[in-house]
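Whenever a hint applies, use it, and build me the whole structure from the sequences.
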Amino acid sequence: MIVELGHFALILAFMVAIFQMVVPLIGAHQNRPGWMAVAEPAATTQFLLTAFSFVALTYAFVTSDFSLNLVVANSHTAKPMIYKISGVWGNHEGSLLLWVLILTLFGACAAWFGQNLPPTLKARVLAVQSSVSVAFFAFILFTSNPFTRLAVPPFDGQDLNPLLQDPGLAFHPPFLYLGYVGLSMAFSFAVAALIEGRVDAAWGRWVRPWTLAAWVFLTIGIGLGSWWAYYELGWGGFWFWDPVENASFMPWLISVALLHSAIVVEKREALKSWTILLAILAFGFSLIGTFIVRSGVLTSVHAFANDPERGVYILAILALFMGGSLLLFAFRAGSMEAKGIFSTVSRESGLVLNNLLLAVSTFVVFIGTIWPLIAEMFFDRTLSVGPPFFDAAFTPFVFAAAVALPIGAMLPWKRAGLARPVRALLPALILALACGLLAWAMYTGKTVLAPIGVGLSVWLIAGAAVDIWSRTGRGGLGQRLGRLTRLPRADWGKSIAHSGVGITMFGVVTLTGYQMEDIRVAQIGAPYEVGAYEIELLGVDENVRGPNYFTTMATVAVREAETGRLIAEVRPERRIYPVARMPTTEAGINNGFTRDVYVTLGDPQGAGGWAVRTWIKPFANWIWGGTIIMAIGGIFSLSDRRYRVAAGAGKSRDTQPEAVPAE
Amino acid sequence: MTRIAAILLALTLALPAAAVQPDEVLPDPVLEERARDISGGLRCIVCRNESIDESNAELARDLRLLVRERLVAGDTDAQVVSYVVNRYGEYVLLRPPMTGSTIALWLAAPVLLLLGLGLSVAYVRRRSRAEAPTEAALSDEEAERLKEILRG
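Protein sequence lines, in the order shown, are assigned to chains A and B.
Take the first sequence: its letter number 642 is residue 1621 in our numbering, and every next letter is one higher.
Take the second sequence: its letter number 117 is residue 481 in our numbering, and every next letter is one higher.
Everything labelled a hint here was simulated from the structure, so no lab data went into it.
Bear in mind that the values here come from a model prediction, so they are computed numbers and not experimental data.
Here a beta-carbon is modelled for each residue, glycine too, at the ideal position from N, C-alpha and C.
Do not take every clue at face value.
Simulated crosslink set (DSS-like; lysine-lysine; CA at most 30 Å straight-line) [to be verified]:
no.	chain 1	residue 1	chain 2	residue 2
1	A	Lys1318	A	Lys1246
2	A	Lys1246	B	Lys511
3	B	Lys511	A	Lys1318
4	A	Lys1393	A	Lys1246
5	A	Lys1318	A	Lys1393
Reference excerpt, derived from the structure (chain A facing chain B, CB under 7 Å, subset only) [stated by the list, open to error]:
no.	residue
6	Thr1323
7	Val1324
8	Val1331
9	Leu1335
10	Phe1345
11	Gly1365
12	Met1495
13	Arg1499
Take a look at the structure:
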C-alpha cells in the first residue's frame, strides 16, 4: 500500500512539475502576478510529493519488501541496516529518485529563501528549474520506475554490490548528487536571466551562494569517492582518471570557474555573458556526468550503473537543455553589456586568468574522456586514454594555476601594481623555494615534478596565510590579531579554501613522488623492514563470518624499525559476499599525520606464508584533509553576512514590470 | 542447509589475486623498476580502466610475466611495448601515441589555451580602454521605489 502511494505521489509530482513549468512562465511573460505566484506553492508541493515517494521506497528497502523488483535486485535480509538504506540509491532507479528529490529540494529552497527576488525573475527561475524536473520525472516514470512490483516475490534478495557496502560509498552518491543538482540552480538562474534579458550585480549575488553550496557538496562527494577508492580498491590509489570520476571532476572544475567569475559580476559587473555561459555549462557537465554514469557508454569500474537504452534518453535531455539554453544564449548574450573597467594588472584580470586555466583544463578532461569514443566513431581506431595522458595534459594547468593563485588573490580590484603583492608574498616565496629544494634533495626519482609540486603547494598554503594577514592592515601585532577575528567570513573562506588546495596538492605530490612499496611472501612470525617500519604477519584467520560475508583476516604488527616499539596492529581482509558472488579486499591501514602504513593480504603461497604488500604512503591523509578544508572554506563564505543581508539589494527592483519579454 | 551451501559457495569462489605477486618480482631491482613502469602504462584489456600493474585479472598477470620475460631477454622498454602492441593492438596503450588522428587529442588543449589566451587578452585590453560608463539614471519606478524606501 505504502509503495503504491509512493508511486502515486511520484506521478502527482510529475503533474505539478508540468504545471510549474508552464504557468509561472506565462505569468512572467504577460505580467500576471497570480500566475507567477503559484510557482512558490507548486515548488513546495513538488518537493513534498517527491519526498513522500522517496520515503515510501526507503520503507520498502528497510522492511525488505521483496515484492518490489528493485528491492530484490539490490537488497538482502542479512544486510546491515545502514546498507539497506544506502541501497535505496545504490542502483539506477533509486539513485534517479534521489536525483529528482534533491532537484525539487533545491527548487523549493529557491521558493522559500528567494523572497527578495524580483517576482518575474523568481517565477522564471522556478519554471526553468521545474522543466528540469519534468524531464527527469518522465525519465523515471517511463523508463526506470523504482516501484515495479513482482508477481511472484522471492524469499530473499540478491544483495547490493559488495563494493557499495561501505560507509564511504554509502554517502558518496548523495553528496555528489547534491553537487550535480545544486548546479541546476545556477542553470535556472542563468536561463531565467537570459529570458529576462538582464544580468546585474544583484544577479551575481543571488547565483553565487547556490553555486557555492553545490560546489561544497561536490567537493565533499568527490573527496569521499576518492577516499573510498584509496582504502577499498586494494592498492591505495586515490584518483584513476576513470570516466566516471572525470564526470564528477568536470562540473567541479567548471563550478570553481563559475564561483570566481560570479564574483566579478557581483563586484564589478563584468564577465557577464561568460558567467552565464559557465552556469549553463556547469549544469551541462552535470548532465553529461549523469549520462556517462547511467549509460555506461564509457566502460569503467562504475559499471553497476550500465544501461545503454536509458543513456539515449539522458542524451536527449542533455541535447534539449544544452541546445535550448545555448541557443537562447546566442540570441541574448549580446545584450549583456559590461560596465566595469579594469586595467591589465588587476583582480579582474587575475580572475580572467583563473577562468581561462580552469575552462581549458576542464576541456582537457572532457576531450580525454570522450576521445576513445571519437576515435572509434570517426577514425576507426580502438584506443585508450588513460592516466598517463591526463597526468601529462592536466598537470601543467594545475601548476600554472598554482603559480598565479596567491598573486592573483592579493591583487586589488580595478587597478593594481605587481610590486606590492609580490613584496608581501616574498616570505611565502622564500619558504616555498626552501621546501622545494629540501624535497629535491630528498628525492631519488627521475623527474623533478615532485619537488616542484612540493614547492608550489607550500607557496599556495603560505600565500593564503599572507593573504589573510595582509587584510588586517597596519599596526601592532595585538591590534592585527584582533582585526583578524573580525574579518568578513568571505575573506576567511577564501584563504581557507585556497590553503585547502595547497594541502591537497601537497598530499598528492608527496604520495605519488615518495611512496615506498614492498611485495613479498611473508611468513607468520618473521618480521621484515619496510622503510622506517618493521612489519610482522602475526596470524591469519580463515573463513571468519561477517553479517553477510566470509572473510580471511590477517593480523599484522607495525613497529618502529629502530626501537621495535609497536605502533599498531592492522587487519587486512579478503572478503567473499556469497549472495552477490563477489570478492572484495579490505586494506589494513594505520593512519598517520605524516604517513599511512597500508597493508594488503594476497594469496596463501604453496610453500607456506602469504603474499603481503606493504606501502608507506607519505601525507596520504592530506589529500582528503585538504578537500575537507576546501569545503570548510566554502561553508565560511556561504555564511558570510553579506548573503544574509544582501537580499535587500534586490528590493529596489521589485516593482519593475517591463522586463524584456521572452521569445 | 542454506548455511552450508553458502560456505561451500564461498570456498569455490576465486579469491582476488592481489596485483603484482611476489613470485613475479624480478631479482634485479633495476629491471623490476622498469617492468613496473612499463606495466603501469599498459591497459589490462579485460578490465574496466586498470593498468596491468594494478589489475587482479589472470590475463594481466600473464602480460606482466610477458613484460618481465622480454626485459630479461634484453629488450629495451620501447621494444617491450611494441611487442605487446603488436599482439594486442594500440588499445593496450594507456597513453595514446602521438600519431595520426591522436595528434588532435594532444594538441587540442594547447591550441585552445592559446586561443583562450588571445581572447582573454583582447577582452582585458578592451575593458581597460573602455570609457567610464555613464551611470544609467533611475527609471521612474525605481525612483519611486527609492523614495518609498527612504521614507520607510
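With a cut-off of 7 Å, does the beta carbon of Val1331 of chain A approach a beta carbon of chain B closely enough for the hint to hold? Holds: closest Cβ of chain B sits about 5 Å from Val1331 of chain A, inside 7 Å.
Residue hint Thr1323 of chain A, partner chain B, criterion CB-CB below 7 Å: With a minimum Cβ separation of about 6 Å from chain B (threshold 7 Å), the hint on Thr1323 of chain A holds.
So, Met1495 of chain A near chain B? Judge it on the closest CB pair being under 7 Å. violated, 13 Å
Closest C-beta approach of Arg1499 of chain A to chain B relative to 7 Å, hint status: Holds, about 5 Å.
Can you verify the interface hint for Leu1335 of chain A: is its Cβ closer than 7 Å to any Cβ in chain B? holds, 5 Å
Pair hint Lys1318 of chain A and Lys1393 of chain A, alpha-carbon separation not exceeding 30 Å: Given pair Lys1318 of chain A, Lys1393 of chain A holds - Cα atoms ~12 Å apart, limit 30 Å.
Classify the hint on Phe1345 of chain A as holds or violated, based on whether any CB of chain B lies nearer than 7 Å to its CB. violated, 10 Å
Tell me if the straight-line CA distance from Lys1318 of chain A to Lys1246 of chain A falls inside 30 Å. holds, 11 Å
Are Lys1393 of chain A and Lys1246 of chain A close enough, with their CA atoms no more than 30 Å apart? holds, 10 Å
At a threshold of 7 Å, is the proposed contact between Val1324 of chain A and chain B supported by beta-carbon distances? Violated. Min distance 9 Å.
Holds or violated: Lys1246 of chain A with Lys511 of chain B, Cα cutoff 30 Å? holds, 25 Å
Status of the hint placing Gly1365 of chain A at chain B (closest C-beta pair under 7 Å): Given a least distance of 3 Å, the restraint on Gly1365 of chain A holds.
Of the numbered hints stated above, those contradicted by the structure are hints 7, 10 and 12, listed in ascending order.
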